[in-house]
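Chemist: Please arrange chain H on chain C, whose structure you already have, making use of the hints.
Chain by chain, the residues:
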Amino acid sequence: MIGLILRRLVQIPFVLLVVYTMTFTLAWLIPGNPLENAEGRRPPEEITQAMLEQYKLDSYWGFYWDYLGKATGASWVLGQHDRPFDLGPSLKHENWTVNEILLAGLPVSITLGLTAILLACAIGITAGAIGGMRPGTWADYLTLLIALIGISLPTFVIGTALLVAFSVTLKLFPIGGWGGFSHLVMPAITLSLPYAAYIARLTRFGMIDQLESDYVRTARAKGVSEMRVVLRHALKNAFLPVLSYLGPAAAMALTGSFVVEKVFAVPGIGTHFVDAVLSKDLTLIMGVVLTYATMLILFNLIVDVMYRWVDPRIELG
Amino acid sequence: MRLLAPFALLVIVLAAVVWLDDTPTEADLVFVNQNEVFTLDPQRMSYLQDLRLAHALYEGLVRWDNYDFSILPAAAEMPAISDDDLTLRFRLRPETRWSSGDPVTAHDFVYSWRRAILPDTAADYSNLFFVIAGAEDFFRWRTQQTAAFVADPWSDPDAPEARTVRAAIARLNRLLEATNLPEAIAPPSDDDLPAIRAELDRLLEAAETGGPSLAIELASAARTRAWLQSLDDPACRAAEAHWMWRRAKQRFHETVGLTALDDRTLEVRLRQPTAYFLDLLCFGVFHPVHRPTVEGWPIDHLNPPSGGRGGGWHAIEPPPFEQRRWISLSPATGKLEQKHEWAKPGRHVGNGPYLLAEWRYKRDLRLEKNPLYHDAGRVRSDSILARTIEDTNTAVLAFESGQVNWLADVSAEYQSDMIAQRRAYELRYADELEALRLAGLTEDEALASLPPPQSGERRNIHVFPTFGTDFFSFNCRNMLSDGRPNPFAIAAVRRAFTLTVDKQTIVDHVTQLSEPVITTLIPPGSIPGYDSPKGLPHDPDRGRRELAAAGWEDRDGDGLVEDTDGKPFPVIDLCYTTNTPRYKWIALELKAQWERELGVRVELRGSETKFFKEDLKQGKFMIARGNWYGDYGDPTTFLDLCRTSDGNNDRAYSSEYVDGLLEEAEQERDRGRRLALLEECERFLFQEEVPMLPLCQLVQVYMYEPGRVTGLSDHPRLTQFLWQMEVRKP
Numbered sequence: 012m013i014g015l016i017l018r019r020l021v022q023i024p025f026v027l028l029v030v031y032t033m034t035f036t037l038a039w040l041i042p043g044n045p046l047e048n049a050e051g052r053r054p055p056e057e058i059t060q061a062m063l064e065q066y067k068l069d070s071y072w073g074f075y076w077d078y079l080g081k082a083t084g085a086s087w088v089l090g091q092h093d094r095p096f097d098l099g100p101s102l103k104h105e106n107w108t109v110n111e112i113l114l115a116g117l118p119v120s121i122t123l124g125l126t127a128i129l130l131a132c133a134i135g136i137t138a139g140a141i142g143g144m145r146p147g148t149w150a151d152y153l154t155l156l157i158a159l160i161g162i163s164l165p166t167f168v169i170g171t172a173l174l175v176a177f178s179v180t181l182k183l184f185p186i187g188g189w190g191g192f193s194h195l196v197m198p199a200i201t202l203s204l205p206y207a208a209y210i211a212r213l214t215r216f217g218m219i220d221q222l223e224s225d226y227v228r229t230a231r232a233k234g235v236s237e238m239r240v241v242l243r244h245a246l247k248n249a250f251l252p253v254l255s256y257l258g259p260a261a262a263m264a265l266t267g268s269f270v271v272e273k274v275f276a277v278p279g280i281g282t283h284f285v286d287a288v289l290s291k292d293l294t295l296i297m298g299v300v301l302t303y304a305t306m307l308i309l310f311n312l313i314v315d316v317m318y319r320w321v322d323p324r325i326e327l328g
Numbered sequence: 013m014r015l016l017a018p019f020a021l022l023v024i025v026l027a028a029v030v031w032l033d034d035t036p037t038e039a040d041l042v043f044v045n046q047n048e049v050f051t052l053d054p055q056r057m058s059y060l061q062d063l064r065l066a067h068a069l070y071e072g073l074v075r076w077d078n079y080d081f082s083i084l085p086a087a088a089e090m091p092a093i094s095d096d097d098l099t100l101r102f103r104l105r106p107e108t109r110w111s112s113g114d115p116v117t118a119h120d121f122v123y124s125w126r127r128a129i130l131p132d133t134a135a136d137y138s139n140l141f142f143v144i145a146g147a148e149d150f151f152r153w154r155t156q157q158t159a160a161f162v163a164d165p166w167s168d169p170d171a172p173e174a175r176t177v178r179a180a181i182a183r184l185n186r187l188l189e190a191t192n193l194p195e196a197i198a199p200p201s202d203d204d205l206p207a208i209r210a211e212l213d214r215l216l217e218a219a220e221t222g223g224p225s226l227a228i229e230l231a232s233a234a235r236t237r238a239w240l241q242s243l244d245d246p247a248c249r250a251a252e253a254h255w256m257w258r259r260a261k262q263r264f265h266e267t268v269g270l271t272a273l274d275d276r277t278l279e280v281r282l283r284q285p286t287a288y289f290l291d292l293l294c295f296g297v298f299h300p301v302h303r304p305t306v307e308g309w310p311i312d313h314l315n316p317p318s319g320g321r322g323g324g325w326h327a328i329e330p331p332p333f334e335q336r337r338w339i340s341l342s343p344a345t346g347k348l349e350q351k352h353e354w355a356k357p358g359r360h361v362g363n364g365p366y367l368l369a370e371w372r373y374k375r376d377l378r379l380e381k382n383p384l385y386h387d388a389g390r391v392r393s394d395s396i397l398a399r400t401i402e403d404t405n406t407a408v409l410a411f412e413s414g415q416v417n418w419l420a421d422v423s424a425e426y427q428s429d430m431i432a433q434r435r436a437y438e439l440r441y442a443d444e445l446e447a448l449r450l451a452g453l454t455e456d457e458a459l460a461s462l463p464p465p466q467s468g469e470r471r472n473i474h475v476f477p478t479f480g481t482d483f484f485s486f487n488c489r490n491m492l493s494d495g496r497p498n499p500f501a502i503a504a505v506r507r508a509f510t511l512t513v514d515k516q517t518i519v520d521h522v523t524q525l526s527e528p529v530i531t532t533l534i535p536p537g538s539i540p541g542y543d544s545p546k547g548l549p550h551d552p553d554r555g556r557r558e559l560a561a562a563g564w565e566d567r568d569g570d571g572l573v574e575d576t577d578g579k580p581f582p583v584i585d586l587c588y589t590t591n592t593p594r595y596k597w598i599a600l601e602l603k604a605q606w607e608r609e610l611g612v613r614v615e616l617r618g619s620e621t622k623f624f625k626e627d628l629k630q631g632k633f634m635i636a637r638g639n640w641y642g643d644y645g646d647p648t649t650f651l652d653l654c655r656t657s658d659g660n661n662d663r664a665y666s667s668e669y670v671d672g673l674l675e676e677a678e679q680e681r682d683r684g685r686r687l688a689l690l691e692e693c694e695r696f697l698f699q700e701e702v703p704m705l706p707l708c709q710l711v712q713v714y715m716y717e718p719g720r721v722t723g724l725s726d727h728p729r730l731t732q733f734l735w736q737m738e739v740r741k742p
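Going down the list, the protein sequences come from chains C and H. Count along the first sequence from 1, add 11, and you get the number used in the working numbering. Count along the second sequence from 1, add 12, and you get the number used in the working numbering.
Just so you know, these hints were derived from the structure itself, not from any lab. Treat the hints loosely; a few may be bogus.
To be verified - Derived lysine-lysine pairs resembling DSS-like cross-links, with alpha carbons at most 27 angstroms apart: (1) C/Lys67 <-> H/Lys261; (2) C/Lys81 <-> C/Lys67; (3) H/Lys622 <-> H/Lys546; (4) C/Lys81 <-> H/Lys351; (5) H/Lys356 <-> H/Lys381; (6) H/Lys622 <-> H/Lys603; (7) C/Lys182 <-> H/Lys741; (8) C/Lys233 <-> C/Lys247; (9) H/Lys351 <-> C/Lys67; (10) H/Lys356 <-> C/Lys81; (11) H/Lys629 <-> H/Lys603; (12) H/Lys629 <-> H/Lys596; (13) H/Lys596 <-> C/Lys67; (14) C/Lys67 <-> H/Lys356; (15) H/Lys632 <-> H/Lys622; (16) H/Lys622 <-> C/Lys67; (17) H/Lys596 <-> H/Lys632.
Said to hold, decoys possible - With beta-carbon atoms standing in for the labels, derived distance ranges: (18) C/Tyr152 <-> H/Gln516: 53 to 61 angstroms; (19) C/Pro95 <-> H/Asn490: 38 to 46 angstroms; (20) H/Arg613 <-> C/Met33: 37 to 45 angstroms; (21) C/Trp72 <-> H/Asp202: 34 to 42 angstroms; (22) H/Asp726 <-> C/Leu183: 35 to 43 angstroms; (23) H/Val583 <-> C/Trp72: 38 to 46 angstroms.
Computed from a predicted structure; not experimentally measured. The beta-carbon is built from N, C-alpha and C at its ideal position, and this holds for glycine as well.
Same shape as in the complex, but just chain C (with noise of 0.2 angstroms):
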């Protein structure tokens, strides 16, 4: 387990590595220079030049040293960098730092992304269960069709209905902006929706499988209760599909929430990602990037320890 773990981090730098250079190079090959003002004017070519100079725009392998040695803290432990783990400024917005605009925006995404999936768990897994054990019946219809609904239609779509309903007409929460429970309950739902219609199908369907085996046929026979053989036996087996699925929900919802993002005026990394990559803010980029890819690696590996834990016959490689 620990040589596991250790395994995995030594990994990191080499993958972050590859990361680096394959998004550095794809992003550099957009079109257009990232100081300009994208609608309207050019200022005059001296002045452009001057811009691409200052920010080391001006050459493909300037940049990608510089910049690597500053994010990776080697330039500071050379004393040419006043700080380690510098992503640099912002090329758009250059009162920020790229390092303030994650730090600012990163709890925000993770708070909103856990949430989504913590309650895609709670919807999914019993809408699930309820259906698992009586197969067939209106009620697991009506799982199946809300988890259809919710799979199908887009989170735009249902973020900006329950705005109207919810903001608009009653009232109950304010619209956009962040802080609060207020502020988290709508987007965190509309994230969920698709997870939880997932988790839904996935434990509706071991559950039926492990209601039909023979151990929970043992158990009833020999007299435990319903509950308890649902609860205890069945779920706890049903669950580990869900488990696997959850490293991958998670990433995604963290990285993918750029919809509720727009949608609910929420200042997490996902919006700053794609508006990045749209003004061709390379620092950004990079840093948002960088953030994401190592956040995965982490969240793969937490989850395959975390199975691990559950079921220790699993060997994991």
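Modeler: For chain H alone, coordinates are given in the frame of chain C:
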């Protein structure tokens, strides 16, 4: 049950995080920015939402009256202007203070404008400062000075061009001529000098002729290489950068027409009489910054000396560069490197009516009244919150739910429906409105005094024409980018395509915003004393005649036009951007109109803004969308676009007559004659030449409750002063 533990832990952590995050604060006025503010550094601003804040956080020498765009005194009294209109003398108000307590002095303006002119700052709007005597020369001089410092023909194997060798020669000459050079820098000794000169001359020759001989010459230029390497020592480079910067400062004060005669008096000398100079000064990029703040001087350096004394920071010796937090001299480039992290709450210092109280990235920015502002009585709201909501639909919902007082940029797809609701409301009360207007009420007051709208009506959406024009550019180059001859190089063809466009249909049924259609470039009524001439009308018959006169007629009866050789008109490459659906719709309508009226074939090509701009720069289009917003209150802010040498002349349009008129107007000191020259220029451009097809005046759509939100101006230049705005309690 071991499964539940991590989940429970997660719930607790999440709850704690949410509790700890502070809730948004209330404010007297809440408005929405669709885009996050890009910078609060006035010299680097170029976006509308940034410039709006410039008027809140800083104050220039003079300011506009934003209802009629006359000039009023601000940080200074109205200037004394010399008889030749070349020298302006500003007297600063004695009571103006920075929010740190320092007095605002003439040195602040000299410093801030020098900052804007320096190529090191790379300000978008540097060239607006070029009307000041010597500013443009200084800009170029400093650009060359630093370029010569960087250029090193040996550092980059692909680089050795004539430019870098010439830069090395320039650097050699500069060091030889220099007096009081720092000790760390040694120009070549007298023994080496002739050899180095000879080597450089050979290199230059080799570089200019090109070919492989340069590499050979490079390898043999041993002495030059040794000397340049001796200059590459870090200590030596740092010393040279400092020495260069001292020379630059000295040169700036000797050659640029900006002088602080004393703490309160600023003298500005202009390159030539500039009618719109005072109007320029109202623009945000001319607002001052507080030097100790933007350079990050250590606190103990400022206190106590500059706090109480009259001279401000100018009265004390600046700290050495190593102690300044946000500015440094790069030994690699020889340039000043500035960080912009000073523009944060707690650090920011301004001289405007508001202080920066809070700024959270892509959340909100909070302004609070500046107690030290000299005219605090003018400031209507004590606190203002600018929220960032990027999704335009969400912004409208936030407004509808009453959490926001003013939306400054509505672009929802259903906005035309909302505008139709406004028209329905106006229609029902047409007589009452007319009577109220006649009684001298403003539009907002009149609307506010009417009964509230019923369902299906609204009065809180407002469409304002702006200081901008939407147009389509014709490529005026003789050849297209693929080498084919360009039919639009002929003015008659451009006229034909302009005459056949039914603009009213486009604004009524395509954009559905009923923008005022326009036949020239400058929005009517936006510049006091200037009236645009009439451009080309909508006249498809004349359009067809013009096209026939240019040699394009339907000769074989297939409904398409051909030239005298029977070759059909090339398929027109019509380019637009896809960031909003607007231009796709307009382009589709233009295609339909031209194909119907002129017998040509049009192909649409939509691309993302960055790709589009790239195509535009390289001339890869026949007709392309474009727009332009004016910067200052003078026709040249638009007409310069048609100058041969202008950097934004995407059309590559060139006319000696137009260039001559603009040149002549530049020299003309009589305002009436000058405007007449510009009028003739615009007439010639849009009656005869039409390098672009002017479509309509751009509009801005606001949402606010009339009567509740006050202080907004509807002048076409559409500049809003936040300090003038107020929300009346119902």
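Chemist: Indicate, hint by hint, whether the structure satisfies it.
Modeler: Hint by hint, here is what the structure shows:
1. C/Lys67 <-> H/Lys261: holds (25 angstroms)
2. C/Lys81 <-> C/Lys67: holds (13 angstroms)
3. H/Lys622 <-> H/Lys546: Measuring from Cα to Cα gives roughly 34 angstroms; hence the hint is violated.
4. C/Lys81 <-> H/Lys351: Measuring from Cα to Cα gives roughly 15 angstroms; hence the hint holds.
5. H/Lys356 <-> H/Lys381: holds (16 angstroms)
6. H/Lys622 <-> H/Lys603: This hinted pair holds, its Cα atoms lying about 23 angstroms apart.
7. C/Lys182 <-> H/Lys741: Given that 27 angstroms is the threshold and the Cα spacing comes to 20 angstroms, the pair holds.
8. C/Lys233 <-> C/Lys247: holds (19 angstroms)
9. H/Lys351 <-> C/Lys67: Answer holds: H/Lys351 to C/Lys67 is near 14 angstroms, not above 27 angstroms.
10. H/Lys356 <-> C/Lys81: Satisfied, since the Cα-Cα distance of roughly 23 angstroms is no more than 27 angstroms.
11. H/Lys629 <-> H/Lys603: Holds: H/Lys629 and H/Lys603 sit about 23 angstroms apart, inside 27 angstroms.
12. H/Lys629 <-> H/Lys596: holds (21 angstroms)
13. H/Lys596 <-> C/Lys67: At roughly 36 angstroms apart (the allowed maximum being 27 angstroms), C/Lys67 and H/Lys596 break the hint.
14. C/Lys67 <-> H/Lys356: holds (25 angstroms)
15. H/Lys632 <-> H/Lys622: holds (14 angstroms)
16. H/Lys622 <-> C/Lys67: holds (20 angstroms)
17. H/Lys596 <-> H/Lys632: At roughly 18 angstroms apart (the allowed maximum being 27 angstroms), H/Lys632 and H/Lys596 satisfy the hint.
18. C/Tyr152 <-> H/Gln516: 53 to 61 angstroms: holds (57 angstroms)
19. C/Pro95 <-> H/Asn490: 38 to 46 angstroms: Once the Cβ atoms are compared, 57 angstroms apart, the range 38 to 46 angstroms for H/Asn490 and C/Pro95 is violated.
20. H/Arg613 <-> C/Met33: 37 to 45 angstroms: Taking Cβ atoms as reference, H/Arg613 and C/Met33 lie about 42 angstroms apart, which means the hint holds.
21. C/Trp72 <-> H/Asp202: 34 to 42 angstroms: Cβ of C/Trp72 to Cβ of H/Asp202: about 39 angstroms, so the range 34 to 42 angstroms holds.
22. H/Asp726 <-> C/Leu183: 35 to 43 angstroms: holds (36 angstroms)
23. H/Val583 <-> C/Trp72: 38 to 46 angstroms: holds (42 angstroms)
Of the hints listed earlier, those the structure fails to meet are numbers 3, 13 and 19, in rising order.
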